[in-house]
Amino acid sequence: MADSGAPKPSSSVKLVLLGEAAVGKSSLVLRFVNNDFQENKEPTIGAAFLTQKCNLPTRTIKFEIWDTAGQERFASLAPMYYRNAQAALVVYDLTKPTSLIKAKHWVAELQRQASPGIVIALVGNKLDLTNDSAGGDGEGAGGGDGEDARKVTTEEAKSYAEEEGLLFFETSAKTGYNVTEVFTAIANAIPETSLKTARGPGASSAAARTEEQRVNLNGPRDPNAKEGCAC
Amino acid sequence: MESLADTLWDVVICGTGLQQSLLALALSRSDKKVLHIDPNDFYGDAEAAFSLQEVESWVEKVQTGKEGLFRAASVEKLEGDTGLSFPRAYSLALAPQLIHARSTLLSQLVSSRAYRQVEFLAVGSFSIFKPSSDPSQSPTLVRIPSTREDVFSTTAISAKAKRGLMKFLKFVLDYESTPQAEAWQPHTDAPLTEFLLKEFKMDKELQTYIVTLTLSLDGGINTRDGLAVIHRHLSSMGLYGPGFAALYPKWGGLSEIAQVSCRAGAVGGAVYMLGTGVKAMNDQEDPIVLELTSGDTIKTRKVVRANESATDESGINRLVAVVSSPLKSLFQSTVEGAPTPAVAVVAFPAGSLSTAAGEASQSPVYLSVHSSDTGECPANQSVLYFTTISKPASQDLLQEALDSFLAAVAGDTVPQCLYQLQYKQLRSSAQSQASGSIFDFAPPRPALAFDDSTLQSVHDAWKMVLGDDAIEEEYLTFADREGAMDDDEVYD
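From first to last, the protein sequence lines stand for chains U and G. According to full-length UniProt numbering, the first sequence is numbered sequentially starting from 1. According to full-length UniProt numbering, the second sequence is numbered sequentially starting from 1.
To be clear, the hints were calculated from the coordinates, so they are not data collected in a lab. Check before you lean on any hint, since a few could be wrong.
To be verified - Quick list of the computed label-pair ranges, beta carbon to beta carbon:
{"no.": "1", "chain 1": "G", "residue 1": "G275", "chain 2": "U", "residue 2": "I101", "range": "17 to 23 Å"}
{"no.": "2", "chain 1": "G", "residue 1": "P242", "chain 2": "U", "residue 2": "K53", "range": "33 to 39 Å"}
{"no.": "3", "chain 1": "G", "residue 1": "A430", "chain 2": "U", "residue 2": "P116", "range": "42 to 48 Å"}
A virtual CB, placed ideally from N, CA and C, is assigned to each residue, including glycine.
If we strip away everything but chain U, and leave its shape as in the complex, we get:
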């Protein structure tokens, strides 16, 4: 009964990443997109954005994930970064209290700059460095080995998230714990009314506006464009 012939409607959603340097923004995305993790990853260079689908029972969400490309380091993100973002992942490092302060700053910035209906998820990353066995269920019960590096309590971050109406998760990009759950929760939280079916290449604005009037620079000019990109 579940699998009928018709394909599910597919929509793309622009998701922006925010958070202090080195909290694991790109690692979370790499885990989500490639199911991969790199120890000692260099600061982000070279990825404009990544895409990944998220299958929901009634529809498919295609995330277009925008990295800050380091422009957040000196508070120099351009308006085009926030524009038409339907979702944001604000990441902090739960072993570093200042990163939560920074995260709160980004939430305020999103409330100021982004579209009013944006879905924001607050994510405490690096759960693997704490004694909560990431992926397990025994909360702190058997965590005898190693130091607990946690400096931000779940309660503190969670109550802030509730106040601001944010989704909240603690994750480990390293073990993969809770990563997919974050994106699935975001996908579920995006109101159906703000979704449009994906259309046309370069849909950087994702779905928000009608696209009939957009001019495609790869259109009539070069009908043979598919034969090679070195035009």
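Got chain U; can you put chain G on it based on the hints?
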């Protein structure tokens, strides 16, 4: 993360105007260490786009003389609840230039893959404002026929004029080949209007149509330049789809291209710092030592800056107005299958306006009307950009142009002007130049259409920065980054 002082930078780019930003894009796949700073806390310099809040702080800066090329800025708002939306709902462009489809800027944005993040909209019809001879009647707007189909179907001109116009359009499409070139070359430096009269027997009105298509601010464009611009216009028609010759980047024109280019620079590893300028420079040392306003002292091999000093007081006056109507009649597509245009151009020929004191306009006033599709204003409003060459009466004439335009498009009610910004932008005759390890970009020329000659200095700066590492064939020609949208995949 490394501190700024620990890095030996290959180049520090100061300013995020279009040229500096395109340079950052051009360097984005090199392995050069790029630090890109801007004393402003916004992207785009003289090509920025502003929310209403940002307009106000910019105007304040201009008034205190801190914005090199800009003068006499002021804002006027209707009092009370005016229907103006929240400040961020607006994005008013300092450089609302349209870009012809044949412009090299577009082909560079395509070859560098940066176009994927810019939304381009179609520029629709060009019209002429006609004052009414009877003061009880409203003035009108007459669309300029600029394709053969247009000329056939227009009812605005006589059959004889149609033949003349048709002959001229045919001539321009092939104006560089021998027989045509022989016809115009003797007139090369003479005004285009004179050539049109002598060779095509065009009357004043037809001459005005043609000169309007050149978007020449002083109306006195010469034959050589005029033909080149009209050729660009005609040969651009239909290039990216039916019914339009020029494009406009959504969300504030060239500002958007600057932002997208800077992002590409950042993705390539450049470090961005807004709100940071150069306080002092010692270029006697190698590497050059820069003291930044942030307090950092850094070392760099090369410096690229913007020259922001005006050479004289000539320039343009601009009036930007937000009005309470979508002005739908201006944004009809005229050809089947054409995208809905988001920009319309209206020219007020010299002599068609006069101030309250009775002084007639000596130069044309141009108006670029932007619908809310540009993202520059909320739905059911429009943004009007009036431009004219600076003269003592310019401010009054721009006000007059605004009132006359609103009268010409009024239906049952006259649209209201909710907000207006006025300013003067100076021109500079300075040229872009390299001297040693320092490159200075000339200030951008205020114009109505993007001028490709701007791109040459970007290329020159790129060569200076890369030196022997510059590979011509790779200039702004890049493959897609991993994860970029795949055209086929979108539909699966």
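Against the structure, the hints come out as follows:
Separation of G275 (chain G) from I101 (chain U) is about 21 Å and conforms to the stated range, judged on CB atoms against 17 to 23 Å. A beta carbon spacing of about 34 Å between P242 (chain G) and K53 (chain U) agrees with the range 33 to 39 Å that was offered as a hint. A430 (chain G) and P116 (chain U) have their C-beta atoms about 44 Å apart, which keeps the hinted 42 to 48 Å range intact.
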